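The opening residue of the sequence shown carries number 22 in the working numbering; numbering runs sequentially from there.
Each hint should be verified, as a subset may be incorrect.
Claimed, not checked - Straight-line alpha carbon distances no greater than 16 Å define the calculated EDC-like cross-link-like pairs of lysine to aspartate or glutamate that follow:
| # | residue 1 | residue 2 |
| --- | --- | --- |
| 1 | Lys28 | Glu68 |
| 2 | Lys60 | Glu101 |
| 3 | Lys28 | Glu84 |
| 4 | Lys85 | Asp32 |
| 5 | Lys28 | Glu101 |
| 6 | Lys60 | Glu84 |
| 7 | Lys42 | Glu68 |
Said to hold, decoys possible - Simulated restraints, written as ranges between beta carbons of each label pair:
| # | residue 1 | residue 2 | range |
| --- | --- | --- | --- |
| 8 | Val65 | Val86 | 24 to 34 Å |
| 9 | Tyr61 | Asp32 | 17 to 27 Å |
| 10 | Thr87 | Gln44 | 17 to 27 Å |
These are calculated hints, taken from the structure and not from any lab test. A quick note: this is a predicted structure, and the numbers were derived from the prediction, not measured. We put the beta carbon where it would ideally sit given N, CA and C, even for glycine.
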Amino acid sequence: MQRNTFKTSDDVHLSYISAGKGQPIVMIPGWSQSAEQFKYQIPVFAEQYHVIAIDPRGHGESEKVTFGYRIARLAQDIHELYQIKLEPLQIR
């Protein structure tokens, strides 16, 4: 399991945890939570999948900013992570 960062199109550095190989699974924490909430699930899923667990902006180890907390921007952050870091993703 390793922690990485990427820079969004509005210049915010977001942190995420990456573990395992294979088809990707993206874990998105609930409001006011971080990727840390998945600490027990990540190793289990990483046995068969490439697990990505994001710290949303302002949470966990991601940059604390005063903007970009609308649902549309948070969705854009996840979309940008997908475009930069993931192979084809299946949503179920």
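Structure-based check of each hint:
Pair hint lysine 28 plus glutamate 68 does not hold up; C-alpha atoms about 28 Å apart against a cutoff of 16 Å. For the given pair, lysine 60 sits about 23 Å from glutamate 101 by alpha-carbon distance, which is inconsistent with the 16 Å threshold. The straight-line distance between the Cα atoms of lysine 28 and glutamate 84 is roughly 10 Å, inside the 16 Å bound, and the hint therefore holds. At most 16 Å may separate the alpha-carbon atoms for a hinted pair to count; lysine 85 and aspartate 32 meet this at roughly 12 Å.
For the suggested pair lysine 28 and glutamate 101, the alpha carbons sit about 9 Å apart, so the restraint of at most 16 Å is met. With a CA separation close to 20 Å, the supplied pair lysine 60 and glutamate 84 exceeds the 16 Å bound. A C-alpha spacing of about 8 Å is found between lysine 42 and glutamate 68, which places the hinted pair at or below 16 Å, so the restraint holds. Range check, valine 65 to valine 86: about 32 Å between beta-carbon atoms, so the 24 to 34 Å window is met.
One distance hint, 17 to 27 Å for the beta-carbon pair tyrosine 61 and aspartate 32, is violated here, with the actual separation near 33 Å. Look at threonine 87 against glutamine 44: about 36 Å separates their beta carbons, and that is not inside 17 to 27 Å.
Of the numbered hints stated above, those contradicted by the structure are hints 1, 2, 6, 9 and 10, listed in ascending order.
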